[in-house]
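J.: Here the working numbering is used: the first residue of the sequence shown is 1, the next is one more, and so on.
The hints are simulated quantities; they were obtained by calculation from the structure and are not laboratory data. Every residue gets a Cβ at the ideal spot worked out from N, C-alpha and C, and that includes glycine. Everything hinted at is true.
Distance ranges between label pairs, derived from CB positions:
#1 D90 with A202: 21 to 27 Å
#2 A226 with A299: 46 to 52 Å
#3 A341 with E96: 27 to 33 Å
#4 C382 with L134: 27 to 33 Å
#5 R114 with A341: 19 to 25 Å
#6 A106 with L141: 17 to 23 Å
#7 A202 with A224: 15 to 21 Å
#8 A355 with L141: 35 to 41 Å
#9 A275 with R117: 44 to 50 Å
#10 P38 with A91: 40 to 46 Å
#11 P130 with P63: 43 to 49 Å
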Amino acid sequence: MDRSGSTVTRRVQTKPPSGNARARPGVPGRWGYVVSNPFLVSALWLLDHLPWPPAPPPPPAAPPRRVLLAMIGNFGDAVIASAALQRIADAAPEIELGLLVSPAGAAVFRGDPRIRRLHVLEHYWLSRAPVGRLEKLRRHLATRRAVIGDLRAADYDLAIDLYHPFPPVAPVLRAAGIPRRIGYGASGCRRFLTQAVAFRPADRHVAAYQAALLEAAGLIGAPAAATPPRPALPALSPPGPLALPRRYAVLHMGAGAPSREWPEANWQQLAAVLAARGLALVFTGRGPREAARCARMAAATPGAIDLADRLDPAALRGVLAGAALLVCLDSFAAHLAALDAVPSVVLTTGVANPAHWRPLNARAAVLHTAPPCLPCYNWRGCAGMACIRDVSPDAVLAAADRLLPASG
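Please build the complete structure, drawing on both the sequences and the hints.
T.: Right under this line is the structure:
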């Protein structure tokens, strides 16, 4: 398995990429970027190869005192990134750690004793806030200005952008004056990094790619980078006044996008069989669409509990930790359950390489079919979505049967 700890050797092309240089998003194409839009590829190429802004030589790699980890993805991305945070805390507990995160990441990491400072950037490209594009852009610009000022004041020695997909935060890190800036160059803006690490697609987990960045920065050694990653967040108290059954299964039916969902009829069939086997059912989710589905499912299932839109991340983790079984899509719930090794059946699509984003949980079964287009990296999905819709309720139940005896 290839390691990703080497720096990029820059090779100046004689002309910018043309529109026929399309890559699959998520996989570096001919021009080395993980985006497919030819106009965006051309813009990133020009930004990386024009003589502006001038790229200063990297400073001497002195042992850092204050390190910033940047992870602007959503809830599940933040949980995965906790493995990188724990690696640094184990290897160099004297380092003062800061995090640059999205609002979702802030909800995951707020109050974490390993973190000295938490900086929040609401990036317009990734924001899931129920507002228009102009409002997302306004929020992005406002938080960007505030974050750059806060990062300057914190006086970080080193910043690592853990998020390899587009968009990068390297321009923010440079504007904040952080002297060493390390990240994967495949998302663009390589000129704003002092060390751009090569992203080599392989069947590796995202947490392993993040460990390679820590190794490239000299924060951990090769043996530590090769150890299996484990997500780590502080233990939580049980959720407040929720009256939960003694033995229950959680069904979390949302995935952030309708194209990545499993048919509701399949959920109904699964719920009926689990209830007949004596498991109480708890439905969780967030947002109007998921809340409406949870309400329908709970109404059709005697004794079911509907907790949609009632749980913050800490409370959801508490509910999951007490479950005999979780059945969910590739979502925040799967990664949150991994923190407490909850037996989980996770249905995923073939939009991305399943090896990259699977939950870091030895007690999880990840299910999908294997059409020839997998992985397609078509983030909008396709009309058929056979990769997830063709997973049968019987296959889910068979996976659950293998997990339930171990859970008691």
